[in-house]
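Participant: Single-letter residue listing:
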Amino acid sequence: MRPSRLAIPLYLLLSLVPIYWLVGMSLKTNEEILGGFSLFPRAPTLANYVTIFTDPDWNQGYLNSLTYVGINTVLSVLLALPAAYAFSRYRFLGDTHLFFWLLSNRMAPPAVFLLPFFQLYSSIGLFDTPWAVALAHMLFTVPLAVWILEGFMSGVPREIDETAYIDGYSFPRFFLRIFLPLVRSGVGVTAFFCFMFSWVELLLARTLTSVDTKPIAATMTRTVSAAGMDWGVLAAAGVITLVPGAIVIYFVRNYIAKGFALGRV
Amino acid sequence: MKHGIELEKVGRIVDGEMHLADIHLRLEPGSFNILLGRTRAGKTSLLRLMAGLDRPTSGAIRFGGEDVTRWDVRRRNVAMVYQQFVNYPSLTVYENIASPLRLGGRLSRQEIDRRVRDTAATLRLEPFLERLPAELSGGQQQRTAMARALVKDASLLLLDEPLANLDYKLREELRTEMRQIFRDRPAVIVYATTEPTEALLLGGRTAVLDEGRLLQVGPTLEVYQSPITERVGQVFSDPQMSLLEVEVSATEARLSPEVALPLTGHLRSLAPGRYRLGLRAHHLRLAPASEADVRIPARVEVEEVSGSETLVHATHGRLSLTAQVEGVHRHPYGTQLDLFVSPSRVFAFSPEGRLVAAPSSTAQEAAHGPH
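Protein chains in written order, with the working numbering: chain A, 1 to 265; chain B, 1 to 371.
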C-alpha cells in the first residue's frame, strides 16, 4: 500500500517538471533565465506572451499551423469514414492485404518522402501553401484514421445496418442519422490523433513551406538560429503550442480509453 | 394489396458450403408460419433470403406473383426482428418506432404519432417512449424492435427466434402476448424457432427445416402428430424422441429377447421386418397407465430434475430411452427400474426413417402435448 501511494505523486512530479519549467521560463525575463537557478519567477512578466501575440512573425506561425492541421484533420476523417466502413462491412478481393498495406505505410519514415514531395509540389505550384503540408501529412494520417475507425465501426453490429435497410433508409441517410452517432467517439479519437500528428510534425511542415505559410514549429526552430536566443519568448511559444493539444485531449479523454481497449490506438 | 410469398427451388451456397437446398415453400397472406429447426438448420439463412438481405444462389422468390429475387431489401415491403435486440441506440424508443414511418415521407405528423402510440400501446411500451433502448430491460428492448417491425404494416414479417435471448419469465410472458399481437394481421408472418413447445403454443403452420432442407410443411399440430420422417420427429420433440430398433413379426414388435410390443391399433398394419419405433419422452412412464402398457426394464444413466418434472435417461440393453415424468425422482446411476409405454403412442419408422404408422390423432393426444 505504502509504495503505491508514493508512486503516483512521484510519477506526477517527474512528468510535470518539464512542463512546470517551461511555464516558469515563459514568465521570466531573459536575464533571470540566464542568471542562474531559480525555482519561481522572481518578477513574473507576461512580456514574452505580449511579444508573441503582437509580432506577426509569431502569431502568423500559429495561424499557418492551425490552417494546415485543420485541413488535414477534416480531410483525413472525411476520407477515412467511407473507407473504414467498407473495410468493416464488406469482403472484397484483397481487402486484408489492402488493410495491412495501410498500416505498412506508417512504417516508412517521413523523411523518405521529403524529396519527392518537395519536387512535386514545386513543379505544380503547391509549394508553400497550407495544402502542401496538409496533403503530405494525409499520407500518414489517412491510414491511421482508417485503422482506428475500422476498429470502432466493427464494434457496431451489422444487424443495425440491415435493420435500417429493411426500414427503408437510404445509405447516406442511414450513415448520417444512425451510424455516425454510434461511432461518434471513434471519430473524436481519430480526429485527435490526426490533429496531434500534424501539429507536432516538423520535418515535412518545415521543408514544404518557406515564407507565406511557415508553421509555428519552424518559426521556433529558426528563431533559435537566426535571432540569437530569446529564451523567454521561445518558452512562451512552447506553452502556447501545448494549448491546442491540451484542449483537444480534454474533449476526447473519455474515448481514448475505449480506443485503447479496441487495440487500435 | 397483401401478397403471399412463394419460394421455388431456392438454394444458397456460401463458399462452397451448402446452406439451403431446393426449398419449395408457399406462404399465404394472413398466415402464421413457424420455421422449426435446430441451430444451424438454415432458418436464419432462409429468413434473410425472404427479407432480401441475401441473394439465393439458385431458384426464385415471388411476392404476389412478381419475381423479387433480385430486388433490393429497401424495395421489398418487409420487417424483421432479430434474435439479438436490434434497435437504433442513439434514438429514443419513440423515434425508433417512428423511424420506418418517417422514411416513406407520405404520412402526416399526426398520423405517425397516432400509429406509434397505437403500436406502443399494443406492446405496452408507453411509459418508455422517451427513453433510449440501452435504458430498457431485454424484454422491453425486444418489444421495441417488434413495435418497429409491426408499425410499418409490412406484407412480410420475419421473426428470427425473437424470444431466444430473453430469460424464462419474459419469454413466457411475451409468447402469450404474441398470439394476440399476430392475430388478424394481413401479412405473411414467419417465425423461426428451435423449440417444439413454442411452435405448438403459437399454432399456425409449421415448416420443419434440417440441414438446409425442408422436411415437412403443414398445420403445426398435424406435423407434430405425424412427422413424415424420423428426423422430423426428432426435431419436433423436446426432450428428444427415443428411437428403438425392433423386429416386427406377425404378432409383435420385439425390442429385445425379453420385451415385445403387441401389434395393436395403428401398429396392426405393419408388415414383418425391421423398423424403428419413436417414443416421445412424455409417453414413457414410471407406472403403467393401463393394462395394455408394456413394461421395459431399464437402467438409469442420468437424471435431470427440472422443477416439477424429471428427465430420466436410461438404457435397455443397447437401446437408450428418455422419459419425462411428473414429480421429482432421484434414482442413482445404475438403478434398475421399469418404464411403461402404451403401444398406442408409438411411431413406427422404416429403416430409411420414413413414417410407416403414427398414433391416431385423438383429442387426447392434443391435450397431452408436452406442456
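Hints listed in this document are in silico derivations from the structure and should not be mistaken for laboratory results.
Mixed in with the good hints, there may be bad ones.
Computed beta-carbon distance windows for the label pairs [stated by the list, open to error]: (1) A:Leu139 <-> B:Arg102: 20 to 28 Å; (2) B:Arg38 <-> A:Pro157: 54 to 62 Å; (3) B:Glu126 <-> A:Ile8: 47 to 55 Å; (4) B:Gly307 <-> A:Pro157: 20 to 28 Å; (5) A:Pro172 <-> B:Asp113: 24 to 32 Å; (6) B:Gly265 <-> A:Pro157: 50 to 58 Å; (7) A:Leu78 <-> B:Arg38: 20 to 28 Å; (8) A:Leu78 <-> B:Arg106: 32 to 40 Å; (9) A:Met107 <-> B:Ser306: 18 to 26 Å; (10) B:Asp67 <-> A:Arg89: 26 to 34 Å; (11) B:Arg40 <-> A:Ser185: 28 to 36 Å; (12) B:Ala60 <-> A:Pro181: 49 to 57 Å; (13) A:Pro157 <-> B:Arg117: 52 to 60 Å; (14) A:Thr96 <-> B:Asp67: 32 to 40 Å.
Everything numeric in this text was worked out from a predicted model, so none of it was measured.
Virtual Cβ for every residue (Gly too), placed ideally from N, Cα, C.
Participant: Could you run down the list of hints and mark each one as holding or not?
Facilitator: Verification of the supplied hints:
Look at A:Leu139 against B:Arg102: about 42 Å separates their beta carbons, and that is not inside 20 to 28 Å. Between B:Arg38 and A:Pro157 the beta carbon distance is about 24 Å. The supplied range of 54 to 62 Å is therefore violated. At roughly 50 Å, the beta carbons of B:Glu126 and A:Ile8 sit within the given window of 47 to 55 Å. Taken as a hint, the range 20 to 28 Å is violated for the pair B:Gly307 and A:Pro157, whose Cβ atoms sit roughly 34 Å apart.
At roughly 26 Å, the beta carbons of A:Pro172 and B:Asp113 sit within the given window of 24 to 32 Å. Between B:Gly265 and A:Pro157 the Cβ separation comes to about 53 Å, which falls inside the hinted range of 50 to 58 Å. Our hint of 20 to 28 Å for A:Leu78 and B:Arg38 is violated, since their Cβ atoms are close to 47 Å apart. Taken as a hint, the range 32 to 40 Å holds for the pair A:Leu78 and B:Arg106, whose Cβ atoms sit roughly 33 Å apart.
Range check, A:Met107 to B:Ser306: Cβ separation about 59 Å, and the 18 to 26 Å hint is violated. Distance hint check for B:Asp67 and A:Arg89: the Cβ-Cβ separation is about 28 Å, which falls inside the suggested range of 26 to 34 Å. A hinted range of 28 to 36 Å holds for the C-beta pair B:Arg40 and A:Ser185, which are about 35 Å apart. The hint said 49 to 57 Å for the Cβ distance between B:Ala60 and A:Pro181, and at roughly 39 Å that hint is violated.
In this structure the supplied range 52 to 60 Å is violated for A:Pro157 paired with B:Arg117, their Cβ-Cβ distance being about 28 Å. Separation of A:Thr96 from B:Asp67 is about 36 Å and conforms to the stated range, judged on CB atoms against 32 to 40 Å.
Of the numbered hints given earlier, the model fails hints 1, 2, 4, 7, 9, 12 and 13; all others are met.
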